[in-house]
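S.K.: Could you build all of it, start to finish, from the sequences and the hints given here?
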Amino acid sequence: MTQETTAKFNIDTVANAAVTPEVELPWAELGLKQNEFEEILKVLGRRPTGAELAMYSVMWSEHCSYKSSKNHLRQFGAKVTEEMKKDMLVGIGENAGVTNLGDGWAVTFKIESHNSPSFVEPYQGAATGIGGIVRDIISMGARPVAVMDPLRFGAIDHPDTARVMHGAVAGIGGYGNSLGLPNIGGEMVFDAVYQGNPLVNALAVGVMRHEDIRLANASGKGNKVVLFGARTGGDGIGGASVLASESFDDTKPSKRPAVQVGDPFAEKVLIECCLELFKHSLVEGIQDLGAAGISCATSELASNGDGGMQVELTSVLLRDHTLTPGEILMSESQERMMAVVTPENIKAFEAVMEKWNVEYSWLGEVTDTGRLIITWDGEVIVDVDPRTVAHDGPVYDRPYARPSWQDELQANHFNGSAADSERPATSGALAAAVTELVSSPNMCDKSWITKQYDRYVGGNTALAFPDDSGVIRVDEETGLGVALSTDANGRYTYLDPFQGAQLALAEAYRNVATTGAVPMAVSDCLNFGSPEDPDVMWQLAEAIRGLSDACMELSVPVTGGNVSLYNQTGTTAIHPSPVVAVLGKLDDVARRTPSGWREDGQAIYLLGTTADELDGSEWANLRGHLGGVPPRVDLKAEHTLGEILINASRDGMIDAAHDLSEGGLAAALAESALRYGVGARVSLGEVAERDGVDLFTLLFSESQARAIVSVPRSEEVRFNDMCTARGFAHARIGVVDSATEALEITGVDSLPLDALREAHEGTLPKYFG
Amino acid sequence: MTELPLIGSAAVADAPLSGARIGVVTFPGTLDDRDAARAVRLAGAEAVSLWHADTELADVDAVVVPGGFSYGDYLRAGAIARFAPLMGKIVDAANSDAKLPVLGICNGFQILTESHLLPGSMVKNDHLKFICRNQVLRVENSNTAWTSDYTQGQEITVPLKNQDGQYIADEKTLDELEAEGRVVFRYVGFNPNGSRRDIAGISNAAGNVVGLMPHPEHAVEAGFGPETAGEFSVDGLGFFTSVLSQIVGGK
Amino acid sequence: MPRIVVDVMPKPEILDPQGKAIVGALPRLGFTDFTSVRQGKRFELEVEGEVTEDVLAKAREAAETLLSNPVIEDVVNVQVVEA
Amino acid sequence: MPRIVVDVMPKPEILDPQGKAIVGALPRLGFTDFTSVRQGKRFELEVEGEVTEDVLAKAREAAETLLSNPVIEDVVNVQVVEA
Ligand SMILES: Nc1ncnc2c1ncn2[C@@H]1O[C@H](COP(=O)(O)OP(=O)(O)O)[C@@H](O)[C@H]1O
Ligand SMILES: [Mg+2]
Chain A
1 MTQETTAKFN IDTVANAAVT PEVELPWAEL GLKQNEFEEI LKVLGRRPTG AELAMYSVMW
61 SEHCSYKSSK NHLRQFGAKV TEEMKKDMLV GIGENAGVTN LGDGWAVTFK IESHNSPSFV
121 EPYQGAATGI GGIVRDIISM GARPVAVMDP LRFGAIDHPD TARVMHGAVA GIGGYGNSLG
181 LPNIGGEMVF DAVYQGNPLV NALAVGVMRH EDIRLANASG KGNKVVLFGA RTGGDGIGGA
241 SVLASESFDD TKPSKRPAVQ VGDPFAEKVL IECCLELFKH SLVEGIQDLG AAGISCATSE
301 LASNGDGGMQ VELTSVLLRD HTLTPGEILM SESQERMMAV VTPENIKAFE AVMEKWNVEY
361 SWLGEVTDTG RLIITWDGEV IVDVDPRTVA HDGPVYDRPY ARPSWQDELQ ANHFNGSAAD
421 SERPATSGAL AAAVTELVSS PNMCDKSWIT KQYDRYVGGN TALAFPDDSG VIRVDEETGL
481 GVALSTDANG RYTYLDPFQG AQLALAEAYR NVATTGAVPM AVSDCLNFGS PEDPDVMWQL
541 AEAIRGLSDA CMELSVPVTG GNVSLYNQTG TTAIHPSPVV AVLGKLDDVA RRTPSGWRED
601 GQAIYLLGTT ADELDGSEWA NLRGHLGGVP PRVDLKAEHT LGEILINASR DGMIDAAHDL
661 SEGGLAAALA ESALRYGVGA RVSLGEVAER DGVDLFTLLF SESQARAIVS VPRSEEVRFN
721 DMCTARGFAH ARIGVVDSAT EALEITGVDS LPLDALREAH EGTLPKYFG
Chain B
1 MTELPLIGSA AVADAPLSGA RIGVVTFPGT LDDRDAARAV RLAGAEAVSL WHADTELADV
61 DAVVVPGGFS YGDYLRAGAI ARFAPLMGKI VDAANSDAKL PVLGICNGFQ ILTESHLLPG
121 SMVKNDHLKF ICRNQVLRVE NSNTAWTSDY TQGQEITVPL KNQDGQYIAD EKTLDELEAE
181 GRVVFRYVGF NPNGSRRDIA GISNAAGNVV GLMPHPEHAV EAGFGPETAG EFSVDGLGFF
241 TSVLSQIVGG K
Chain C
1 MPRIVVDVMP KPEILDPQGK AIVGALPRLG FTDFTSVRQG KRFELEVEGE VTEDVLAKAR
61 EAAETLLSNP VIEDVVNVQV VEA
Chain D
1 MPRIVVDVMP KPEILDPQGK AIVGALPRLG FTDFTSVRQG KRFELEVEGE VTEDVLAKAR
61 EAAETLLSNP VIEDVVNVQV VEA
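Chains as they are written, first to last, in UniProt numbering: chain A, 1 to 769; chain B, 1 to 251; chain C, 1 to 83; chain D, 1 to 83.
Mixed in with the good hints there might be a few duds.
[To be verified] Once the Cα atoms are required to be at most 27 angstroms apart in a straight line, the calculated DSS-like pairs of lysine-lysine come out as:
#  : chain 1 : residue 1 : chain 2 : residue 2
1  : A       : Lys451    : B       : Lys129
2  : B       : Lys89     : A       : Lys446
3  : C       : Lys11     : B       : Lys172
4  : B       : Lys172    : C       : Lys20
5  : A       : Lys766    : A       : Lys446
6  : C       : Lys41     : C       : Lys11
7  : A       : Lys86     : A       : Lys70
8  : B       : Lys124    : C       : Lys11
9  : A       : Lys79     : A       : Lys224
10 : A       : Lys224    : A       : Lys347
11 : A       : Lys355    : B       : Lys89
12 : C       : Lys20     : D       : Lys41
13 : A       : Lys42     : A       : Lys70
14 : B       : Lys124    : A       : Lys766
15 : B       : Lys124    : D       : Lys41
16 : C       : Lys20     : A       : Lys766
17 : B       : Lys129    : C       : Lys20
18 : A       : Lys347    : A       : Lys279
19 : A       : Lys67     : A       : Lys79
20 : A       : Lys451    : B       : Lys124
21 : A       : Lys451    : C       : Lys20
22 : A       : Lys79     : A       : Lys636
23 : B       : Lys124    : B       : Lys172
If you're looking for bench data, these hints aren't it; they were derived computationally from the structure.
M.R.: In structure tokens form, the structure reads like this:
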């Protein structure tokens, strides 16, 4: 492939840098701190060249180096038992972790954030969020099989929310649908704290045979380094225009794109092309290009390998020929991959590229020098130890302390507050409360979103919206499959970050078990405010400590994730939002349990116990109250409940299961009825008495480790025995009854399903059309 | 009753007894090719992968042009794919005396209209959004190569998922299609995209070429397709068994 | 470099869903002067060297065959622009 | 009725996947003269009555606010056409 004549620049070579120590460099403009710049001087033993400065500055950014969170994140790797390692084929540190599914199958999944780009330009920001996480999955050697999209936007009635909502949802759909990846779940939370800082997280999951696992490393002297996919443009370097000082060419455009535009078609082709490379074993190592582009790919590949790497930068195919070397190194153009190929495989590699019509260029080769050398027209512009760029970046022990306001916040309980002055008590008020709850922004039906997503493509989707987890078949012959759920509750985490993070895990774990899957692995996306704020840093430290402890207790290892900091408007941080994704395994997806009732006469059981835990609840939220302490965490109970749900599903003891989370029992009952439009008669007196709570509390409290299941008559004895044997609270609270066409709860006015559905489904269309 | 939720087995059948070979075309950006191939296999035929750049049409008894976003659908859905070397062969074979059965699903339908194998065109959905839903269709013509296993007027449920699904044609063409019984499927209950006269799918005059926006290949296995009140539809299988009986019958 | 601009519009008799959505949105934003909006496409083709009659003819052909679908669209303009 | 034509193009520095797909297809169809293609939008706004300076200003405003996304697109042309 030919390149237009390369632009001429005032190239700052390594040789030049060595003899011109006095040159002023724009390190501060590139986001480096004084101490960080001094560290670079020390590492190199001279001043960096412009290109080296570009690389260090992007790779040592918070986003790439995890410098504020690294010290805390270590707990995820440390709090791991032998049992937890058993099925972990690839752990934290690679593009995504890999978990063994058995039968030679492996699964990889990861969740990432694309928050601030999605605020600036919701469509493209969200679209490229999907694109980026999918490339992480491809680079592990896997075929991506599904995506999910946990979202958090501002107040539903704020004028800017519609802009973000329309754009982000269309972008996620536009990109994911075009890749042929079913969307199998996500979240949608509206809260004013996210108004100027919406959260757009994206999860992708992929599957592969064990032998296809690929890692990001460049090994074997003489192997060739190739860049393929889209051409490199000025994307993502808008802020780094200071590098213009490299150039003496006046024709250079003054502007670099502030946002990246995704090309899902290019990515779809890239997926197929990579899978063909893997199938014929044509690449030794592979790395996607995400944040920090070529800087990241070359330094990570080289430092994970056994030698070094030499690369000629003028070989990079460009979309914009005015880019300077530093800009090329920093560019975040989408839909690109870098691979290491043995000389014998070059021809075969090129044949695959040509078949898929993918552009590629050979940049250089793996060496045994231990150095990463980058040249521009043969002149050395980068000569570094790649580890110092990719791994040995700065690490900060940021100060943190429990916020001064935390005690007061926790003392402000909902129970007895002004917001709690008119607690519904009559049968009419309780019915109205249930209706209000199911139509509220956070609890309402989300199909306005999900119907813009292809859930069917691939033909392996066994469960998706609105069930508790998405379930994807992996092996068509055996029915082996995986279940996934993502959860987080920013209000709980605000009230208590340690417990809040544990509750996020507990809920995702419970959702996976509810569909009958055995929870196996965790990925997390930690969305927090500024780490330079000791209050926020405390929230982050507590959340990581809580989550890592809980993972150990539930025996589910964290296999990867992402930290997104500085999510705040001015000095006001978002609620700490640790989004936790749990992946589980189903030996046969035919056994998956949906959330809705179907069969008349089946008994409805409530599993678990209820306490007065309304602090941070959806109900309190509807009444404008946020204070107190979140529901109590009981991981032992979560584990036992999980076992019951999984065994009951495996042994055919239950036909439907739905966990209780936000909105409590009221939400769960309504959702189970609306799922297939089959009603029930429910009586809660005995349970209320057993747990010592009133009917309202029983319906709206958000106590954890609870679920409702429907049990066929013939299985009731067996089911009861199982719960009793495990010492787990269970109570028969009703019976499925399609004839009522309503949800009948003793002490609550009858809730006709038609009206309930109208309330549930009307909300998003009302605001978003 | 203690029955488990119904999910069929997708185990790949052994070599099909029928001996029928049905081609499934892949373009860059095609998404539902593997699904179409699965449907072909579940119906009892052999699925043969066809590559858009091939200059010869392999020895196949019928062709499915599956859904997706060929070339990103950036210019117009199907506009670029239509010029693929293999499409020329498919058009010739469909128009030849042999009347090769061709089924275009979603993007495949759009490619067939761009190729002028079928009249009219698709534009953006009237609501301008991508839509994915379970759609009820009425079979208006059970005499085509792809619908003979249905009964006239039968209602079937299959998924629908698209961005540019609004079928349009001028009034004269629409009248002609109606008069000649070439409206093969109509949306029932709800028109999901503003298509003229609720048209979901049409055929050519000879009935060997059928195109439709909804996705029959996604309603062939209990457990993985459209579900209404807990029951799964496998209504899409009829497309593939229809063409199979015609092929086997004709052999 | 010289460019050829190709303009393609939906045929007048064809309903244009995007134009319709815009015309619906305009008054909500306080724009009340526009009675109808139609959305078409504008392509800018760059040519290396001179735009000869032959190159222009090629552009016209590309406009008719690839860039537009005659069933639903009209090529309303093919024109050279010096940049 | 007079019409106002508004042309919107993707910003030059922004990736244009649509143009890219077209430029890839052209040579396969035998069109080899075009080195780059960018795809934008053309809007035709119909005006009841006369196009005053004020109406044109409104059109310009609509072009900047509704018809284009200033983050990724430029309004390259707003012009009156008599029909
Ligand atoms: N943005 C979204 N994208 C896809 N699915 C979503 C989205 N938001 C919510 N869902 C789906 O809606 C259903 C209900 O969501 P939620 O109430 O958060 O579930 P749960 O309480 O079980 O975690 C789930 O199936 C979830 O996956
Ligand atoms: Mg749930």
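S.K.: Indicate, hint by hint, whether the structure satisfies it.
M.R.: For each hint, the structure was consulted:
{"no.": "1", "hint": "A:Lys451 to B:Lys129", "in the structure": "holds, 9 angstroms"}
{"no.": "2", "hint": "B:Lys89 to A:Lys446", "in the structure": "violated, 45 angstroms"}
{"no.": "3", "hint": "C:Lys11 to B:Lys172", "in the structure": "holds, 15 angstroms"}
{"no.": "4", "hint": "B:Lys172 to C:Lys20", "in the structure": "holds, 24 angstroms"}
{"no.": "5", "hint": "A:Lys766 to A:Lys446", "in the structure": "holds, 12 angstroms"}
{"no.": "6", "hint": "C:Lys41 to C:Lys11", "in the structure": "holds, 12 angstroms"}
{"no.": "7", "hint": "A:Lys86 to A:Lys70", "in the structure": "holds, 25 angstroms"}
{"no.": "8", "hint": "B:Lys124 to C:Lys11", "in the structure": "holds, 14 angstroms"}
{"no.": "9", "hint": "A:Lys79 to A:Lys224", "in the structure": "violated, 39 angstroms"}
{"no.": "10", "hint": "A:Lys224 to A:Lys347", "in the structure": "holds, 12 angstroms"}
{"no.": "11", "hint": "A:Lys355 to B:Lys89", "in the structure": "holds, 20 angstroms"}
{"no.": "12", "hint": "C:Lys20 to D:Lys41", "in the structure": "holds, 15 angstroms"}
{"no.": "13", "hint": "A:Lys42 to A:Lys70", "in the structure": "holds, 22 angstroms"}
{"no.": "14", "hint": "B:Lys124 to A:Lys766", "in the structure": "holds, 23 angstroms"}
{"no.": "15", "hint": "B:Lys124 to D:Lys41", "in the structure": "holds, 15 angstroms"}
{"no.": "16", "hint": "C:Lys20 to A:Lys766", "in the structure": "holds, 21 angstroms"}
{"no.": "17", "hint": "B:Lys129 to C:Lys20", "in the structure": "holds, 14 angstroms"}
{"no.": "18", "hint": "A:Lys347 to A:Lys279", "in the structure": "holds, 16 angstroms"}
{"no.": "19", "hint": "A:Lys67 to A:Lys79", "in the structure": "holds, 20 angstroms"}
{"no.": "20", "hint": "A:Lys451 to B:Lys124", "in the structure": "holds, 16 angstroms"}
{"no.": "21", "hint": "A:Lys451 to C:Lys20", "in the structure": "holds, 22 angstroms"}
{"no.": "22", "hint": "A:Lys79 to A:Lys636", "in the structure": "holds, 17 angstroms"}
{"no.": "23", "hint": "B:Lys124 to B:Lys172", "in the structure": "holds, 22 angstroms"}
The structure fails to meet hints 2 and 9 from the earlier list, while all remaining hints are met.
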